[in-house]
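Protein chains in written order, with the numbering used here: chain A, 257 to 534; chain B, 257 to 534; chain C, 257 to 534; chain D, 257 to 534.
Treat the hints with caution; some may be incorrect.
Selected chain B positions facing chain C (Cβ under 10 Å, derived; list incomplete) [unchecked claim]:
| hint | residue |
| --- | --- |
| 1 | 306 |
| 2 | 313 |
| 3 | 332 |
For the record, the hints were derived by calculation from the structure and aren't laboratory data.
Predicted model only: the values in this text are computed from it and were never measured.
Note that the Cβ used here is the ideal one computed from N, Cα and C, for glycine as well.
4 protein chains.
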Amino acid sequence: MCRWLGYVGDPIEPRELLYDTERSLIEQSRFHSAESPAPNGDGTGLGWYGRHERPARYRSTTPAWGDENFRELASEVASGLFLAHVRAATGTPVQETNSHPFRYGKWLFAHNGFISGYSRLRRQLLTAVREELFPCILGSTDSELMFFLALTFGLEEDPVGGLRRMAGFVESVAAEAGIHDALQMTIGLSDGHDLIAVRYASAGTANSLFVSSDVGAVRQLYPEIERLAHLPENARVVLSEPLVALPGVWREVPAGSVLRMSAGSGVDEQPFEPVAPR
Amino acid sequence: MCRWLGYVGDPIEPRELLYDTERSLIEQSRFHSAESPAPNGDGTGLGWYGRHERPARYRSTTPAWGDENFRELASEVASGLFLAHVRAATGTPVQETNSHPFRYGKWLFAHNGFISGYSRLRRQLLTAVREELFPCILGSTDSELMFFLALTFGLEEDPVGGLRRMAGFVESVAAEAGIHDALQMTIGLSDGHDLIAVRYASAGTANSLFVSSDVGAVRQLYPEIERLAHLPENARVVLSEPLVALPGVWREVPAGSVLRMSAGSGVDEQPFEPVAPR
Amino acid sequence: MCRWLGYVGDPIEPRELLYDTERSLIEQSRFHSAESPAPNGDGTGLGWYGRHERPARYRSTTPAWGDENFRELASEVASGLFLAHVRAATGTPVQETNSHPFRYGKWLFAHNGFISGYSRLRRQLLTAVREELFPCILGSTDSELMFFLALTFGLEEDPVGGLRRMAGFVESVAAEAGIHDALQMTIGLSDGHDLIAVRYASAGTANSLFVSSDVGAVRQLYPEIERLAHLPENARVVLSEPLVALPGVWREVPAGSVLRMSAGSGVDEQPFEPVAPR
Amino acid sequence: MCRWLGYVGDPIEPRELLYDTERSLIEQSRFHSAESPAPNGDGTGLGWYGRHERPARYRSTTPAWGDENFRELASEVASGLFLAHVRAATGTPVQETNSHPFRYGKWLFAHNGFISGYSRLRRQLLTAVREELFPCILGSTDSELMFFLALTFGLEEDPVGGLRRMAGFVESVAAEAGIHDALQMTIGLSDGHDLIAVRYASAGTANSLFVSSDVGAVRQLYPEIERLAHLPENARVVLSEPLVALPGVWREVPAGSVLRMSAGSGVDEQPFEPVAPR
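All chains, full assembly: derive it from the sequences and hints.
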């Protein structure tokens, strides 16, 4: 099981969330937990919106805990919207093209989960990707393919709709093959303005997802915690597993829902329901 | 342009051909030549038949000249049939799954060349791969896809036939897209018994390919060269570019031909003509 | 904390001990345990005695669980004496030259543990290495330096004596700097004939070390276990942590002792006591 | 032989000098030249002054021409002072800790050249490094050691003096060992304000070094070249080999000299003469 973290708000150094907390994403990549008995040592990535409309990206196959370049960037970059990811491979090779986040134009995409029976379904799913998008698929993961299916089904015009149609399509292809627990996913997606997060599973318990509470309210709860003083008022963080165990700071996102937030906005929460593409 | 080398004969250490000659494959990987102005520093690989029917394989993304593990193996292994490859990427990522040789069951495959317009044709070519072979494609190169197309078209029962039908299919798909110089290729292929080598181009000059002369005859030409004394009587070497500039040692393989040889056999040479699969 | 495994006996494929057991070294590299809460994902290595007096070696920085080349070699090699190692870095960089085992001439060396205060002591320890050995130090770990100090202090003529003098020297240099828990170590060492294993700590509990019992006796205990039928009669395995939880199969090596064994010999066990070099 | 490039002036994207010119540093890394018959494929690095006093750094072992992360950073970063380097190893391992530039506090250091007889001299040179600097040496190159010797000899207070004493010390240690062509070097050094460049050889021809002319003058020479219009008025570039073959744009730095320049200043040029440290 992978782990990821998305941030939107006034620009901060990713380091503050990736390294400085008691239970940072980097620590999560190394140590086990109830949910993740294996380390997330099969790929490291950071995508961030900076000086251009197109997001910048760093990806490596070095485990995050020993990745010196990742550590440098996390301090040197200051960004108001970024997605970080640590990978635990589920059957596809460890290579940079399989590290998250994936990128297309101004879009970034990170995923935790899998498609059940992916090696059987891959060919049919791949064939459904729109012809002009096909050459942009550089790796071999289910995650990247989910992103390009969502793009095929209109993600650029209607991001949540694209994701819903992708999920519906994957489930219908899987169902034909007798697979009824096709999707396990939390997704982080951005166009540079909004941060969108989905938690969904076709069957069983969906992988966990958490969203930070309003920073002002959190500060009132913990006036003594200096770290919280650094976080901008308008900041929101979405992530696979809480960074610190402070009651009231993290709220679990219900399974089957999609969040949409931007700097300073509230968090818009809707049900997430797959829909067959056509 | 990549470089490769195939050997068949009594077991030797690959080192003798990869490192010890004046102009070894490793030196060829580093230095330019008329044919190869860029270094072959985008992938290194060795496949060899050893203790099992299935060949063993080492692949890396480290340039061959600095790859310590490759150097170790080239001395530790003693094999009667091996294929070595150094890669110069032509558009697809540098990653282990894109390093040659490729393997399927008892088969090894190495390639030098490219498919013209590959990024445009890839989707259609990929779709033609037989369903049960599809999950075995791990990388994203034209080379690996050519191998799996040849397997789709019967390479296991009829290796040369499989390659001819692959070439014919690629050319026909390319022609529909208005591409008439579809294939540039030298190919090394083996099942552990025979070493098969092809030199072919759809148009223009085919990449070079050379085959060694009979070892006995060569020794008579150069009785003073100690290195030749090490080569077994029944040895044959096929490669992209001569290792040493000794007249009479290397014979250029004519464009549009296929060689078949095994330990102690002569070299069977036939024309190589693509054929449309059906 | 690293993990390592040494084998001596009739030739086997390392795979049988590294991959096939219920709790193989590879699984140990990935998953936590009471002793090792962090993964051993910072370096992978295999040294084996094969076709030459000098052992062959493979080293990488890829975590063992995803290292395809390591997996290949573990099946292709058949060796009567090998040392495998998975690394968890303790302050020095993740790079091939810091992966174990280390090699000098016919000797292989693997280590689990550390020198306390290494960054402070390194300069003085390095200066003590014999001048002609100095250029052979390629990495920056405490482990490699311990090996070259033992070589400096006569390991080639008297391996256990060299190790004892190395330990005594490190402890005396550390003591001058006010460090009294200088050494934490289990060591695997071989010259291609004997396998030597040490368990020692200057203070506190020494890292664990286990040795396999006589294979014949073990088979009588577990006649139904097919895997044991594969192990040669004369085999001995030494390792950081038991591979399977079978009572009677593994015996804990007492702290402060050194074992010496070879194919078919019994296990010679002596106390291990550091001695100041001069 | 390595290649490097230093820039000082108003902030630009390194991409403009590393990728966009006809004969960029990246192209220089791949293709041969009279001076550099082998590719510079053994290490890639970029150090830049950005959001902090301490420079940021990216280092890899991927050849520059295929390094996707380097390409990303070269577009995402905008910096008024940076040093880029592509490495051709001369005897020490290919690993990130051996990639340039090296860093200490606010200082960056890049080098092209070598110390003759380095493997023989290394131990004595290393021993001369000041004790508190010693733990900061992470790699094994002559280049990094030259930097820490210069720091030992006062580089922080007097950068040119530190370099002169380093050169004098290396030459005297080498001379004792009978080596009289000890140093071959061009050096790029910065503290974030000044860019310092040295060209020097103990004997024979020093590796080449070039400095750009005044941008205004260059524009008058080539009013039609759009690329020049992008360069800030106050920009200066120092590099191993000219990026483009425009007469009047690059001036060769004389052997045995040191340049000092900053944004908008002229170029101060002095003789560079080694001096024995004490």
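How the hints compare with the structure:
Taking 10 Å as the C-beta cut-off, the interface hint given for residue 306(B) holds, the closest approach to chain C being about 5 Å. For residue 313(B), the interface hint holds, the least distance from its beta-carbon to any beta-carbon of chain C being 6 Å, beneath 10 Å. Here the hint on residue 332(B) is kept, as its CB sits about 4 Å from the closest CB of chain C, short of 10 Å.
Of the numbered hints stated above, none is contradicted by the structure.
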